[in-house]
Amino acid sequence: DVKVTQSSRYLVKRTGEKVFLECVQDMDHENMFWYRQDPGLGLRLIYFSYDVKMKEKGDIPEGYSVSREKKERFSLILESASTNQTSMYLCASSLIAGDLGETQYFGPGTRLLVL
Amino acid sequence: KNQVEQSPQSLIILEGKNCTLQCNYTVSPFSNLRWYKQDTGRGPVSLTIMTFSENTKSNGRYTATLDADTKQSSLHITASQLSDSASYICVVSLGGEPYKYIFGTGTRLKVLA
Chain A
1 DVKVTQSSRY LVKRTGEKVF LECVQDMDHE NMFWYRQDPG LGLRLIYFSY
51 DVKMKEKGDI PEGYSVSREK KERFSLILES ASTNQTSMYL CASSLIAGDL
101 GETQYFGPGT RLLVL
Chain B
1 KNQVEQSPQS LIILEGKNCT LQCNYTVSPF SNLRWYKQDT GRGPVSLTIM
51 TFSENTKSNG RYTATLDADT KQSSLHITAS QLSDSASYIC VVSLGGEPYK
101 YIFGTGTRLK VLA
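These protein sequence lines are chains A and B, in that order.
Counting from 1, position 35 in the first sequence corresponds to residue 35 in my numbering; the numbering is continuous, with no gaps.
Counting from 1, position 1 in the second sequence corresponds to residue 1 in my numbering; the numbering is continuous, with no gaps.
Because the hints were derived from the structure by calculation, they are not lab data.
Some hints could be false.
Straight line, CA to CA, 30 Å or less: simulated BS3-like cross-link-like pairs of lysine-lysine [unchecked claim]: (1) Lys110(B) - Lys3(A); (2) Lys3(A) - Lys100(B); (3) Lys1(B) - Lys57(A); (4) Lys100(B) - Lys53(A); (5) Lys57(B) - Lys3(A); (6) Lys1(B) - Lys55(A); (7) Lys70(A) - Lys100(B); (8) Lys100(B) - Lys57(A); (9) Lys55(A) - Lys100(B); (10) Lys71(A) - Lys100(B).
Please model the entire structure based on the sequences and the hints provided.
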């Protein structure tokens, strides 16, 4: 079974703090994704990576950066947390591109509260 | 604009009953459509994936249909169980953009004993 783990289930941070969210997958997947999920909105893509050290902006990259130094690990960084970044953050991975019908596997999510 | 709309937003049914969730999309070009189940506080889990040429796919008590002409999909749940209580999310992939997924906002299903 594919396993995608996220470093924290719940996180509380203060405005202006630098926040690191870690995601690890154990199935040697090429692609990894970071989404945020807010009530009443569909999942929105922040960044994705299709290979080590490669990253592409998604729909809402502002205020975020990412790092992929190893294939199994994809980190999301909030450079200076703001209250409007309070959200559920979901990491996903997939073996090949979604255009070919490959399933995304999601982690359990990190619920971030910025005070 | 590429969009995925789901209805109803929420649904309450009694255990043992059947239900059908709807998904309409205006995504073009279309590649494939997925249904995910998301339990409260958890990440989504894939139920089915359908490509353009498939019009029905089952996974246990879950049956998804796809009408590519009308750009509609449905997820039918048979003999519902308490564990079916979750949000169900419809996701469409854009053809030619392999990393682009358009997510619906989900239908929240509550199954009562």
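Exercise. Would the pair Lys71(A) and Lys100(B) pass a check requiring their Cα atoms to be no farther apart than 30 Å?
Worked result: Answer holds: Lys71(A) to Lys100(B) is near 20 Å, not above 30 Å.
For this session: With a cut-off of 30 Å on the C-alpha distance, tell me whether Lys3(A) and Lys100(B) pass.
Result: 22 Å, holds
Exercise. Is Lys70(A) within 30 Å of Lys100(B), Cα to Cα?
Worked result: 23 Å, holds
For this session: Mind checking the alpha carbons of Lys110(B) and Lys3(A) for me, to see if they're no more than 30 Å apart?
Result: 27 Å, holds
Problem set entry | Restraint status (C-alpha distance of Lys57(B) to Lys3(A) at most 30 Å) | 25 Å, holds
Exercise. Given the hint that Lys100(B) pairs with Lys57(A), does the C-alpha gap stay at or below 30 Å?
Worked result: 11 Å, holds
Problem set entry | Holds or violated: Lys1(B) to Lys57(A), with C-alpha atoms at most 30 Å apart | Since the Cα atoms of Lys1(B) and Lys57(A) sit roughly 19 Å apart, the hinted pair holds (cutoff 30 Å).
Exercise. Would the pair Lys100(B) and Lys53(A) pass a check requiring their Cα atoms to be no farther apart than 30 Å?
Worked result: 20 Å, holds
Exercise. Is it true that the CA of Lys55(A) sits at most 30 Å from the CA of Lys100(B)?
Worked result: 14 Å, holds
Exercise. Given the hinted pair Lys1(B) and Lys55(A), is their alpha-carbon gap at most 30 Å?
Worked result: 25 Å, holds
Against the hints set out earlier in the document, no violation occurs for any number.
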